[in-house]
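Participant: Each chain, written out:
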Amino acid sequence: MIYLQLFWVFVKIGVLGFGGGYAMLSLIQHEVVDHYTWMTTTEFADMVAISQMTPGPISINLATYVGYTTAGFGGSLLASFALCLPSIIMVYFILKLFMSKKNNALMDNTLKGLKPAIAGLIFAAGLSMINLQNFPDYGKGQYNISVIICILAFVASYFFKANPILLIVLSGVVGLIAY
Amino acid sequence: MKKPLQLFLTFFKIGAFTLGGGYAMLSMVEKAVVDQKKWIPTDEFWDMIAVVQSLPGVFAVNTALYVGHRIAGRSGAFAAMLGAIIPSITIILLLATVFHEYRDQPIVERIFKGIRPCVVALILAPSLRMIKSAKVTLKTAIIPIATVFLIWWCKISPAYVILAAIAGSLIYALIIRRREITRLRDCETPSGPEIPKSRSQKEKEAKP
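So the protein lines, in turn, are chains A and B. Note that the working numbering has the first sequence beginning at 13, numbered continuously upward. Note that the working numbering has the second sequence beginning at 1044, numbered continuously upward.
Accuracy of the hints is not assured; some may be wrong.
Over the 10 Å line for every Cβ pair with chain A, so calculated as not near, a few chain B residues [unchecked claim]: (1) Met1044; (2) Lys1045; (3) Trp1082; (4) Asp1086; (5) Arg1226; (6) Leu1227.
Heads up, simulated DSSO-like pairs for lysine-lysine below, C-alpha to C-alpha not over 27 Å straight-line [unchecked claim]: (7) Lys1080(B) x Lys1045(B); (8) Lys1182(B) x Lys124(A); (9) Lys124(A) x Lys1045(B); (10) Lys1182(B) x Lys1198(B); (11) Lys124(A) x Lys1175(B); (12) Lys1178(B) x Lys173(A); (13) Lys1045(B) x Lys173(A); (14) Lys1175(B) x Lys173(A); (15) Lys1046(B) x Lys1056(B); (16) Lys24(A) x Lys1074(B); (17) Lys1074(B) x Lys1046(B); (18) Lys173(A) x Lys124(A); (19) Lys1056(B) x Lys1081(B); (20) Lys1198(B) x Lys1175(B); (21) Lys1045(B) x Lys1081(B); (22) Lys124(A) x Lys1198(B); (23) Lys1074(B) x Lys1056(B).
The set of hints was computed from the structure by calculation and includes no laboratory data. No residue lacks a Cβ here, since even glycine has one placed at the ideal position from N, Cα and C.
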């Protein structure tokens, strides 16, 4: 049953995952944290950090990780394969459909229209991670170190396009010292 | 060496050493496939990438599949895809087993306590940058706002939101295409060679 659920979840994500790894992240979060509750929100945050810091596509890393924690070695292979399956079907069977210029222009315009929605999707994923589990020292009379880390990392990432891996390492060091 | 095997090794190397996801690996793929092996000409490669970018799914996997397919058919596509994902799967499996073992250690917990808020920022920042690059105006700002409201507040599955957004933007794209087609048709009537004349006249009339 768990294998079937894993397979279905990641096939769905493979079909609907427009707009890169972060867009898929919000789909994965909804299924894994909210719907099936395979993971807590802190486990999810840890997993995103690990996926970001290791080589390879983030979504494949996430699929492997989710598969492993829910159903072991077999689960990890199944989840990654399920994520790739829609792409495989596409390249094998409907390649010509997409390669025609006319259809590609249509796809391109569709994707342009989709972009604001995807941005909202990713933002929502970030918002739903703002909670007391990920910010345990939030509140009056506390140092609010987690809030400070978040704001500084946001500024560094948004305004200065800082390397995400560097930011993760730095905040890990801060956590080690501060907590 | 057979092409599928070469493809596998090429994408394996790229998959094992590129940090930061799909777009970071693009220049490495170009270097290997276009410059070194000369399997595909540069312009054809970038035309292909333009198509691949608009497809759903993992960008790196799609790139591997399409490049592999172009070079060595179906077996080439499969070999390239395996090459692209096997390093990630292996590394994550190793890390996941280690992390499960040590995650309750106080030191590890302290480190991750610092990392979690950073992850939140790393998700929020690119989404805002994306809104900027999508040239969202006051009129279209309703789209991301509605998306956030539906997913974050109403807890509606992002899958449905994406489907609705696809339907909406497909209709929009079809309208654009229809408009372009009618514009072309208007130019063609009444008969071929006279078009530029009549069109420029129309513009002249419109100017004053």
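Participant: Please go over all the hints and tell whether each is borne out by the structure.
Facilitator: Taking the hints in turn, this is what the structure says about them:
1. For Met1044(B), the shortest C-beta to C-beta distance to chain A comes to about 23 Å, beyond the 10 Å cut-off, and the non-interface label holds.
2. Lys1045(B), annotated as away from the interface, keeps every beta carbon of chain A farther than 10 Å; the closest lies near 20 Å.
3. Here Trp1082(B) stays apart from chain A, with its beta-carbon at least about 17 Å from theirs, past the 10 Å limit.
4. Even its closest Cβ contact with chain A, about 14 Å, leaves Asp1086(B) beyond 10 Å, as expected for a residue assigned away from the interface.
5. With a cut of 10 Å on Cβ distances, Arg1226(B) stays outside the contact zone with chain A, its closest approach being about 14 Å.
6. For Leu1227(B), the requirement that its beta carbon stay farther than 10 Å from each beta carbon of chain A is met, with the minimum near 13 Å.
7. Distance restraint check for Lys1080(B) and Lys1045(B): the Cα-Cα separation of roughly 13 Å lies within the 27 Å cut-off, and the hinted pair is therefore satisfied.
8. Among the hinted pairs, Lys1182(B) with Lys124(A) is consistent with the structure: their alpha-carbon atoms are about 16 Å apart, no more than 27 Å.
9. Only pairs whose Cα atoms come within 27 Å are accepted, and Lys124(A) paired with Lys1045(B) is rejected, the gap being roughly 39 Å.
10. For a cut-off of 27 Å, the pair hint linking Lys1182(B) to Lys1198(B) stands: about 25 Å separates their Cα positions.
11. Using a Cα cut-off of 27 Å, the hinted pair Lys124(A) and Lys1175(B) holds, with the two alpha carbons roughly 13 Å apart.
12. With a C-alpha separation of about 19 Å, the suggested pair Lys1178(B) and Lys173(A) falls inside the 27 Å cut-off, and the hint holds.
13. A threshold of 27 Å between alpha carbons decides the hint, and for Lys1045(B) with Lys173(A) the separation of about 41 Å lies outside it, so the pair is violated.
14. As the CA atoms of Lys1175(B) and Lys173(A) are separated by approximately 14 Å, the hinted pair is consistent with the 27 Å bound.
15. About 15 Å separates the Cα atoms of Lys1046(B) and Lys1056(B), which keeps this hinted pair within 27 Å; it holds.
16. Straight-line distance between C-alpha atoms of Lys24(A) and Lys1074(B) comes to about 33 Å, which puts the hinted pair past the 27 Å bound.
17. For the proposed pair Lys1074(B) and Lys1046(B), the alpha carbon gap of about 17 Å is at most 27 Å, so the pair holds.
18. Between Lys173(A) and Lys124(A), the direct Cα distance comes to roughly 23 Å. Compliance with the 27 Å bound is thereby established for this hinted pair.
19. Under the criterion of a C-alpha separation no larger than 27 Å, the hint pairing Lys1056(B) with Lys1081(B) is consistent with the structure, at around 17 Å.
20. Between Lys1198(B) and Lys1175(B), the direct Cα distance comes to roughly 25 Å. Compliance with the 27 Å bound is thereby established for this hinted pair.
21. For the hint pairing Lys1045(B) with Lys1081(B), the CA-to-CA distance comes to about 15 Å; that is within 27 Å, so the pair holds.
22. Under the criterion of a C-alpha separation no larger than 27 Å, the hint pairing Lys124(A) with Lys1198(B) is consistent with the structure, at around 25 Å.
23. With a C-alpha separation of about 12 Å, the suggested pairing of Lys1074(B) with Lys1056(B) holds against the 27 Å cut-off.
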